[in-house]
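Q: Spelled out, the chains give:
Number of protein chains: 4
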Amino acid sequence: MVRNLSSEISILNQYVSELRNVKVQNDRWRFRKNLERIGAVMAYEISKQLEYEINPIETPLGVAQCNQLKSNVVVASIMRAGIPMHNGLLSVFDHAENAFISAYRKHEKDGSFKIKLEYVSKPDLTDKILLLCDPMLATGASMGLTYKTLIEESKPKHTHILSAIASSEGVNYLERNFSKSDITIWSAAIDDELTAQAYIVPGLGDAGDLAFGKKL
Amino acid sequence: MVRNLSSEISILNQYVSELRNVKVQNDRWRFRKNLERIGAVMAYEISKQLEYEINPIETPLGVAQCNQLKSNVVVASIMRAGIPMHNGLLSVFDHAENAFISAYRKHEKDGSFKIKLEYVSKPDLTDKILLLCDPMLATGASMGLTYKTLIEESKPKHTHILSAIASSEGVNYLERNFSKSDITIWSAAIDDELTAQAYIVPGLGDAGDLAFGKKL
Amino acid sequence: MVRNLSSEISILNQYVSELRNVKVQNDRWRFRKNLERIGAVMAYEISKQLEYEINPIETPLGVAQCNQLKSNVVVASIMRAGIPMHNGLLSVFDHAENAFISAYRKHEKDGSFKIKLEYVSKPDLTDKILLLCDPMLATGASMGLTYKTLIEESKPKHTHILSAIASSEGVNYLERNFSKSDITIWSAAIDDELTAQAYIVPGLGDAGDLAFGKKL
Amino acid sequence: MVRNLSSEISILNQYVSELRNVKVQNDRWRFRKNLERIGAVMAYEISKQLEYEINPIETPLGVAQCNQLKSNVVVASIMRAGIPMHNGLLSVFDHAENAFISAYRKHEKDGSFKIKLEYVSKPDLTDKILLLCDPMLATGASMGLTYKTLIEESKPKHTHILSAIASSEGVNYLERNFSKSDITIWSAAIDDELTAQAYIVPGLGDAGDLAFGKKL
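Quick note, the sequences are listed as chains A, B, C and D, same order. The opening residue of the first sequence carries number 971 in the working numbering; numbering runs sequentially from there. The opening residue of the second sequence carries number 971 in the working numbering; numbering runs sequentially from there. The opening residue of the third sequence carries number 971 in the working numbering; numbering runs sequentially from there. The opening residue of the fourth sequence carries number 971 in the working numbering; numbering runs sequentially from there.
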């Protein structure tokens, strides 16, 4: 299933407009904060699909029957660009477990590239709800590889794949390769074009560089 | 209209359960953060009802048509207990204007009390969307008086009245006294009982004291 | 005692430069955040003068002798402009008690004004450390009146009066009217000029308007 | 040079006491926030040693001569435990560039382990001020290897190595292997003991697990 949040009216669209805007992007702090807020909004929308249980809670004045989160949530992000969204997800699910993965594009001399995974830190995912974020879902290849690596030893109950901006091609790639019952794809915007260098157009440029500065 | 968010499944219920819990309340920081998060969630839900306009935004790689917030939002809170929710609302609508009002219960020797307004700081509200928060909506009297005072010189297009925990009586009071086309009442929980001292039961106790410490 | 932090080299000066800058001020969120960060820095510097006690703390691997805050801190601010600094102070002293006071300039037709106090919410201050903030210390009159009102029923051990930008005149006013053993004045910058309308020059304009929007 | 902040009186000691406390550690959110606050305090103290330049800044009412940060700061952290401190450093130096490195202990069957580096994302460091953080400085081996890897292609002007809790052995290791003119070691506490498994005693346990949950 794909949940394209740009087709729904909310303040999320304002955040995306600021992320994209070349004149606003020079404020790295605001750029990171907007990714954080997008993460927080997605976490909240996902929370509507989770399991809760009613427990009696003692207040200073009586006992209240309260719904408390029963699902075990794991917040995961692809380094380094995923960190601000990760922080936003974690601000909503502050008790969650966490996973971090590094993936990068290894560029060849002919201009092509391969996805390489390096650092993988993850908990047991069995029967948990996995929230896996990367601000840009371009070809979908690194996200697909990351997802496969994460669920190798233990299988989550369901995985939500989250991006701020996705390409149609990236969404299609994930839908083609993974079962609808296993993953839900969320994006705050879906753009049609993908360049030969796998940049989303109009997109926003390189989210990692904009949040954290250029890499050597 | 009343939007009782406890009847919808979301992580908001977890936050309310922590607010209510005597064992968690001794952490003032978490108490304030939970009020902030409730404010942020409500702001986001309200943002789905606001007006947007599509503008062309220049990205580093092209031009994107983006929805940007057109409504003028004013975030208002009743001192002092409203400040954490105010901070949460403002974290979502960071460009908003703001209003602050102080209201308090002046207790008489016979145990009764009157609501008194003191400090009122507000912008022109004409045709704006007013978000007015106070964590506890008990009798509704102080909220009603605050709302009336705020809109004396200038009338907002619509007002959203927000509380973390409301009493049924408080909700009824506002519905009886104000037009449905003018106000929407939002609460993260609605409790049935109200003591003679106007404390909501089971409620959570005194939100101002829990967030900021006892007053002289 | 006066602690003029602009005479010491630190990142605080960068924050002040952003607060003052007309081109940066249009970002209300950054404006508030810079006031918050100035509050946090001042809280930290003040924390070096507080009392601590060594307690044994059980870690998962042993027992550590740790210094824990013994002083009772009260964070106080003058509404509404003081709220962002208040939030910063409270982010450092998250266990603190709080006070809020509203003071405003009641303008007469002849252009003169009087300071009026309205809302006062405060705890017992006996033997506590009071941190009282307002981003602009202009004539010092409203700060002086606020301070006097706060300590009417209970006397703190010491009071730190905090502003982002003070005028020399405001600093002199406080030094003339209060004992050095009772108060310490902190400012991130001290400007020489004060206009007839009591605006600090070069200052930054109206801190309340810049953080929260114009008032009616 | 070693700057042991536990020998100086400040609220930092309170944060360390909460980090260490088994009874407080079950709140992962507070654990991360305390690491963030320690990062922010260290960033601020380091900011006193950086270079600034005076620039004229136009305010709404005049021109102010302001000190603005001239040094180019790079915030770096060792994954995954370093992220909360990284967030704190970045909250102070919001314009900074960033580096992320993953290092882990590869355990052998005999109980020994080797440090392995994987993900390295870094900017050109030439003549910049590098802030490199990891909450626990145990043997110093992974920090030393990380530092060497970071400066391979480009040399910073100076590097500040930051930890929340260091062992004396780790501090000695870094002092033995690197020049005092190149690095300054900062820690919020220095503990004497290091177990055969390289855990600091009394320490606080595993900072990564406490912040983010156990790894598979």
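Rather than coming from a laboratory, the hints here were simulated on the basis of the structure. You may find that some hints are simply not true.
Quick list of in silico lysine-lysine cross-link-like pairs, DSSO-like style, CA-CA up to 30 Å [said to hold, decoys possible]:
id, chain 1, residue 1, chain 2, residue 2
1, A, Lys1086, A, Lys1098
2, C, Lys1185, B, Lys1040
3, D, Lys1079, A, Lys1125
4, C, Lys1018, D, Lys1150
Heads up, incomplete: computed chain C residues facing chain B, CB under 10 Å, no partners named [said to hold, decoys possible]:
id, residue
5, His1056
6, Tyr1074
7, Glu1123
Every residue gets a Cβ at the ideal spot worked out from N, C-alpha and C, and that includes glycine.
Q: Can you give the numbers of the hints that this structure goes against, from lowest to highest?
A: Of the numbered hints, all hold.
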